[in-house]
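Place chain B on chain A using the hints.
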Amino acid sequence: MADLLFYLFAAITLISALAMVLLPNAVNGAMCMIVSFLGTAALFVLLDAYFLAILQVLVYAGAVMVLFLFIIMLLNVDEEAPRAKPAKLSIFAALSGFTILSVLVVSLFNNPSALPEPPVIEVAENPLGPSAANGIPFTTSAKSFGYSLFTKYMLPFQVTGFLLLAAMVGVIVVSKRMTETTVKTEQSD
Amino acid sequence: MTIGLNAFLIVAGLLFAIGMLGVTLRRNTLVIFMSLELMLNAVNLALVTFSRYNGTMDGNLFVFFIITVAAAEVALGLAIIVALFKRRETIMVEQLNALNR
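Chains as they are written, first to last, in the working numbering: chain A, 14 to 202; chain B, 22 to 122.
Do not rely on the hints blindly, as some may be mistaken.
Derived contacts from chain B toward chain A, CB cut-off under 8 Å, selection only [unchecked claim]: (1) Ile-53; (2) Val-69; (3) Asp-79.
To be clear, the hints were calculated from the coordinates, so they are not data collected in a lab.
Every residue gets a Cβ at the ideal spot worked out from N, C-alpha and C, and that includes glycine.
The shape of chain A in the complex, shown without the other chains:
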């Protein structure tokens, strides 16, 4: 059953990602991107990472894609204009690069000398169990996230919080300065 679900969600993720790349309309692409993120969240569930699956749906499929849709509709860019066709050489280069990379990936992980298949380790019951000495064991509870964030990953956690603040201030500065300069140039004209 889980195998079937894996193939289903992997197919949904890959096909909608491909549709996002190939569809000419950016809004349709963003919708396909949401489906692709939801498929990835389902793959996270199959890997027992429930907390990350919920985070993926909330942050990526929710906040990030809504922001993308807002900007796409705000800028209201035309379809990729057919008058300015891209060079045939660049299309050829992109497609051959994609083919080489995908063949490489499939042949790397799909042959007898690929990475050994480790057995699926049982999910630990308690994040602070006896094996906590050598790394925090894999659990499904959000408790182990909190424990890790406030012990082993304390400094990265604080730095990430500061990064979010810096990004917020940066966005405000970028938007504000641009409007001021456009107002100035309009006045000078």
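Showing chain B alone in chain A's frame:
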């Protein structure tokens, strides 16, 4: 579940390849930016897979941080694209050729 490590890694690698195809093929800056997000997402999938089959939480924590940084990056990147559009009236990469004139 009989699906192993390598099957998940194939999916992650193909997602990364599709993202790279989008970055190189498309000319709309917004779609290129979405393809970048797709590549980040592929790396997330690989990290969660390794974390699960290694039995430790470290990969999951990395994905947590990557999602946070990606959210900040999207906010700033979209602000820059809007600023670019205000200044140049276009976001098509073939018209942003100030270095090639």
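Taking the hints in turn, this is what the structure says about them:
1. Ile-53: Check failed: Cβ of Ile-53 of chain B comes no nearer than 10 Å to chain A, outside 8 Å.
2. Val-69: Cβ of Val-69 of chain B sits 5 Å from chain A, so the hint holds.
3. Asp-79: Hint holds; Asp-79 of chain B Cβ to chain A Cβ min 7 Å, cut 8 Å.
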